[in-house]
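*Asks:* For reference, the chains in residue letters:
2 protein chains.
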Amino acid sequence: IRYLSKRRQERIQLIGDLLHREGFDLALLQEVWSEQDYSDLKAKLGSCYPFSHYFRSGVIGSGLCVFSRFPILDTLLYQYSLNGYPYMLQHGDWFCGKSVGLVILKISGILFNVYVTHLHAEYCREKDAYLPHRLVQAWELAQFIRHTSKAADVVLLGGDLNMHPEDVGIRLLRGWTGLRDAFAEATHFEGCEDGCTLIPKNCFTVKAELLPFPLGIRIDYILYKASSSFTVTCEELRTTTGTAPGRDIPFSDHEAVMATLLIRRQGRAVGAAPSTDEPALAEVVTEARTEVSVGLRAARQQRYSKGRMAVRALRLLLLQPTAALGALAGLGAQQPFPKLSFSLLAFLAVGILLLATALHLFHTMEVKKLQGTEEQMGMALRALRE
Amino acid sequence: IRYLSKRRQERIQLIGDLLHREGFDLALLQEVWSEQDYSDLKAKLGSCYPFSHYFRSGVIGSGLCVFSRFPILDTLLYQYSLNGYPYMLQHGDWFCGKSVGLVILKISGILFNVYVTHLHAEYCREKDAYLPHRLVQAWELAQFIRHTSKAADVVLLGGDLNMHPEDVGIRLLRGWTGLRDAFAEATHFEGCEDGCTLIPKNCFTVKAELLPFPLGIRIDYILYKASSSFTVTCEELRTTTGTAPGRDIPFSDHEAVMATLLIRRQGRAVGAAPSTDEPALAEVVTEARTEVSVGLRAARQQRYSKGRMAVRALRLLLLQPTAALGALAGLGAQQPFPKLSFSLLAFLAVGILLLATALHLFHTMEVKKLQGTEEQMGMALRALRE
Chain A
1 IRYLSKRRQE RIQLIGDLLH REGFDLALLQ EVWSEQDYSD LKAKLGSCYP
51 FSHYFRSGVI GSGLCVFSRF PILDTLLYQY SLNGYPYMLQ HGDWFCGKSV
101 GLVILKISGI LFNVYVTHLH AEYCREKDAY LPHRLVQAWE LAQFIRHTSK
151 AADVVLLGGD LNMHPEDVGI RLLRGWTGLR DAFAEATHFE GCEDGCTLIP
201 KNCFTVKAEL LPFPLGIRID YILYKASSSF TVTCEELRTT TGTAPGRDIP
251 FSDHEAVMAT LLIRRQGRAV GAAPSTDEPA LAEVVTEART EVSVGLRAAR
301 QQRYSKGRMA VRALRLLLLQ PTAALGALAG LGAQQPFPKL SFSLLAFLAV
351 GILLLATALH LFHTMEVKKL QGTEEQMGMA LRALRE
Chain B
1 IRYLSKRRQE RIQLIGDLLH REGFDLALLQ EVWSEQDYSD LKAKLGSCYP
51 FSHYFRSGVI GSGLCVFSRF PILDTLLYQY SLNGYPYMLQ HGDWFCGKSV
101 GLVILKISGI LFNVYVTHLH AEYCREKDAY LPHRLVQAWE LAQFIRHTSK
151 AADVVLLGGD LNMHPEDVGI RLLRGWTGLR DAFAEATHFE GCEDGCTLIP
201 KNCFTVKAEL LPFPLGIRID YILYKASSSF TVTCEELRTT TGTAPGRDIP
251 FSDHEAVMAT LLIRRQGRAV GAAPSTDEPA LAEVVTEART EVSVGLRAAR
301 QQRYSKGRMA VRALRLLLLQ PTAALGALAG LGAQQPFPKL SFSLLAFLAV
351 GILLLATALH LFHTMEVKKL QGTEEQMGMA LRALRE
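As they're listed, the protein sequences go chains A and B.
For the first sequence, the working numbering begins at 1 and goes up steadily by one.
For the second sequence, the working numbering begins at 1 and goes up steadily by one.
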């Protein structure tokens, strides 16, 4: 983030150097909040990554961009319908308009659907108020991938999912899309222990948050799957390990994940993908749906309390002219009419009325979205059971 | 709209009767703003349309719902990234969270992707301030259909597009997706002249808006296309014609569009779809892009002026303590310190500051979205030219 992030330009330069040196086929970046940084990278990497795309969204931007050695044929952006609260300024997620970006590439005649995303952060694991929103995002991500990837030979998803490998959201995403985790499947692995991407050793991470996890946590992923005529395997997976080689700072607060994937055309198309374990998947969807329901109850409560606040402010406001008339009519003749405090009170009432109404509308939208997701998950469950 | 629409319940009942009597395979409704109305229709139509879905979105709701004789396999909602302005309360579009809903059906082994949508209204054709937003919506609709329909045998789109048949948005949508207009292709037609769906004869339409169009306008559509292994033809197209049979009121302010489509499996799959006229398509995309650029300039101007207003309010606010200190220090000793007007001014400054900041953020998002669409259209143009 411009002006806020420490040694930002230096790190963008380090990231550019790394991308240049490694010469990947494809690089997916998140949290590139400054479009200037994207332009700088684009200028620097033009020779080795002639194709790139920056996804614009929200107030600040989605932060998502892609650099590619191969032509980008098309792009599409899907903005998640829920993404935290605009009044949680200290968490800022709402302002980024968190999204999933799709780029379509053709490499050696193979059609790739590549998704890059960044889900809502987890600020407190014990009492994660954003879990329902993140689950709605994971569900929308899974649905978006399912519906847009039907013509693709290979599907890749990379990004900061802000979920631990065993969390319900990641199980939902993997189960519902059939995507596989490159870390779990890699033949060779090199990097932070357990594939962690947020480690205490990194000087930009918040140490207190990682106290229960001395090795760090794994929240950044590369996932993949192939259509029935192809196979994908992960030959090698690597992560960066804290500081950049020969420097005193790391590239980013998260460690980069780098995968070497082997894609093979199958002699004959296999009829159907290996059938997923449907009872297990139904269990995951049920678990996710329960969490969404919890969020729905909370959102309904918020909608109600904000509505009540608006009504009270309105009543206070309506009381003013009555009281003023009373005072003028001589009821308060003993004391002078307190004009100043009266007008202050009226302004306060107007302010509260506007704020409470805006929040009431916001939570009405939240309720609708959570309700819609709960219903969709219910539909998925019925389909699974049949 | 509850409490606002005239004879609402009676008309919902008439619509239910019509749907029941006609026994369609599929009905796509728009502007069903009240979920209660949807529930009433659902209860009434359970026997002939056992499957249905209501798309939830925005503050009021998307207003979109689907009734089907065949099981709905899956659904997905895509909310348009631009949809008017929240402060244009009299136009209300922003609050509906205008979207496109997708339902997936299988009928006799044929996979249908059915899209239902409602684009931003046109309030003034001569000076249509919402044209860039509607074009962004038409583009996102086209992109969403392209990316999600690749596995479908047949694609159907129905809805209130708020565009005349020759408007750039509809040409863009048709050109970019390959969808065909049922009205233009129908073997038999029965209904309002020229297929109009907003006619002066309908007692709920605003007569003044239709003055330049004595026959009315056609802004509601059924569009379709088939994959290479199928063909679709429109056997018959009908519209309602003002008042419901035997009643003094029409079903709605728009006339309903009813199509009988014939879908045939092709003996052998044709290699590629009939190639579209690429230079003509490039021309349409260029025309649309120019309109989006006009919108982008206006949005930038708005963002700038709202930012300036916020800065001025902040300056006014900072002036207050200075002036107050000055007054207390005796500079204004002649006159009593005007506490009341000072506090009123401070409140006013805070109010303007908050409002201008919110609007500045809103227009920042608008700029990003218009810019993103302009860029995407540019990418499409390059692809077309190559």
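Hints are computed from structural coordinates only; laboratory data are not their basis.
It cannot be assumed that every hint is accurate.
[As the list claims (entries may be wrong)] Okay, the calculated bits of chain B under chain A, using three or more residues with CB under 8 Å as the criterion:
| id | region |
| --- | --- |
| 1 | 147-159 |
| 2 | 305-312 |
[What the hints assert, rightly or not] Listed next, with one range per pair, are the computed distances between beta-carbon atoms:
| id | chain 1 | residue 1 | chain 2 | residue 2 | range |
| --- | --- | --- | --- | --- | --- |
| 3 | B | His20 | A | Ser39 | 42 to 50 Å |
| 4 | B | Leu89 | A | Thr290 | 46 to 54 Å |
| 5 | B | Leu381 | A | Arg21 | 29 to 37 Å |
Every residue gets a Cβ at the ideal spot worked out from N, C-alpha and C, and that includes glycine.
*Asks:* Does each hint hold? Answer for all of them.
*Replies:* Outcome of the hint check:
1. Coverage of a stretch by a chain is defined here by at least three residues with a beta carbon nearer than 8 Å to that chain's beta carbons; for the region 147-159 of chain B and chain A the count is 4, and the condition holds.
2. Restraint check on the region 305-312 of chain B versus chain A: 0 residues with Cβ-Cβ distances below 8 Å, three needed, restraint violated.
3. The hinted window of 42 to 50 Å between B:His20 and A:Ser39 is violated, with their beta carbons roughly 59 Å apart.
4. At about 38 Å, the CB distance of B:Leu89 to A:Thr290 disagrees with the hint of 46 to 54 Å.
5. Checked against the given bound of 29 to 37 Å, the beta carbons of B:Leu381 and A:Arg21, roughly 34 Å apart, stay inside it.
In this structure, the hints that do not hold are numbers 2, 3, 4, in rising order.
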